[in-house]
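S.K.: Sequence:
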Amino acid sequence: MSRTRLSAAVGERGLRRARSSSRYQRVLAALGAVALGLACGGSGAPAGTEVEFWALGREGELVQALVPDFEARNPGVSVRVQQIPWSAAHEKLLTAFVGDSLPDVIQLGNTWIPEFTQLGAIEPLEPWLAKTPALDAKDFFPGVLDTALVGGVTRALPWYADTRLLFYRSDWFGSPPSTWPAWVAKAKQVQARLGPGQHALLLPLGEWEVPVILALGKGAALLRAGDTEGNFRGAEFREAFAFYLSLFQQGLAAKSGVAQLASLHQDFAAGAFGALVSGPWNVREFSARLPLEFRARWATAPMPAFEGAGPGVSLAGGASLGLVAKSKRKEAAWAWMAFLAQPAQQAKFHRLSGNLPASRSAWDDAALQQPQLAAFRAQLAHVRATPKLPEWERIASRIAWHAENAVREGRDLDTVLAALDRDTDQVLEKRRTLLARDEAR
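The opening position of the sequence shown corresponds to residue 0 in numbering that gives the first Met the number 0, with each subsequent residue numbered one higher.
Note that these hints are calculated values from the structure, not bench results.
A few of these clues could be false.
As the list claims (entries may be wrong) - In the SDA-like style, the derived pairs of lysine to any residue whose C-alpha atoms are separated by at most 20 Å in a straight line are: (1) Lys329 with Glu51; (2) Lys187 with Gly250; (3) Lys387 with Gln425; (4) Lys325 with Glu122; (5) Lys329 with Gly119; (6) Lys185 with Asp170; (7) Lys217 with Leu412; (8) Lys429 with Gln117; (9) Lys327 with Asp99.
Quick caveat, the model's predicted, so the values are computed rather than measured.
Use the sequences and the hints to build the structure in full.
M.R.: And the structure:
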């Protein structure tokens, strides 16, 4: 790949970061539903084949419990798992690509898939899927599957899913409303009963997810002009962002982030707030950390809709599996990926990690029948991917920064959105230049 093409994928800053230090964000998606007999049929790889798999964070530790079963079903094939901290993962993957030293299979945050696709680091999976008829795409949550598609081509096999929804105090809110107007009306009733320092809602500042979820719920396109310019002054995003700010302006949402709380779980139980937007990791955290007598007083609900009966839209997140394009053990590597995609293995990995399966049939497992998980199953049927650009995480960080400043400083709505469009256009400047150069050829 030429230096120009490499720059188009990661940018000059990305290349420098691949050789130095950087800050990278956590991601998280799961996909797969493969019949049990798929892995039992063997990988077709020669005996003595070792698949090298780079897995991130705690998943790199927990997935090792699945290796013996895979190796028993695939005699002569072994798996070596290297655990990489999330904080160093993106840099290490880029460095390994530049040094031509990637392993056979890599775990990718879903927002990284477009970047590694443009680099040519991961194999298109259509030929492998064609050889795997037991892999039924209809069994996947469509929005989760979409995160793995770039240009209509499947570029990764999502491993587990992630999304955001509402955690709420059922003793305050009762039965959760399904629309935002009804939620606001209920929140006003709750707020009227609360004292100083208490709020009906916690929408953590410093995070981009809630403004984007609301915008997607309004049908907003976050970018325009072929994903080369910001579209945050568009009518749908503007309406959603105005609604977001109104929750703070009415005193319904606390002007704070999670990091500013003494303890999220203790403050929730103590009544500092009655509902928050969060992800599946907090199901286990709330279950473990909340007082025993409080555990029947909280629940989860899908994101409300602006119109209609709901659920509303939320984000399709998670982590996926990439088949490295230069792997010399692709048959065995694909067998390992397909094994991890089996509904039974996804359910087993949920028991180990708490991560959510992307295979709908995996949700029939007894371990996923916990009441607080039912809302996640419903929400995963109504999720959307963020823009599939290598630059998305930089744009997302600007959304978070401008949203927090708008809340804390009371800045004018249109001024904020104009600044956000300018920042986004600057982030995408190189993309516009390269596309214009390609069109001129």
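S.K.: Evaluate each hint against the coordinates.
M.R.: Hints versus structure:
1. Lys329 with Glu51: 11 Å, holds
2. Lys187 with Gly250: 9 Å, holds
3. Lys387 with Gln425: 17 Å, holds
4. Lys325 with Glu122: 8 Å, holds
5. Lys329 with Gly119: 15 Å, holds
6. Lys185 with Asp170: 13 Å, holds
7. Lys217 with Leu412: Holds, at roughly 17 Å.
8. Lys429 with Gln117: 14 Å, holds
9. Lys327 with Asp99: 12 Å, holds
In summary, this structure violates none of the numbered hints.
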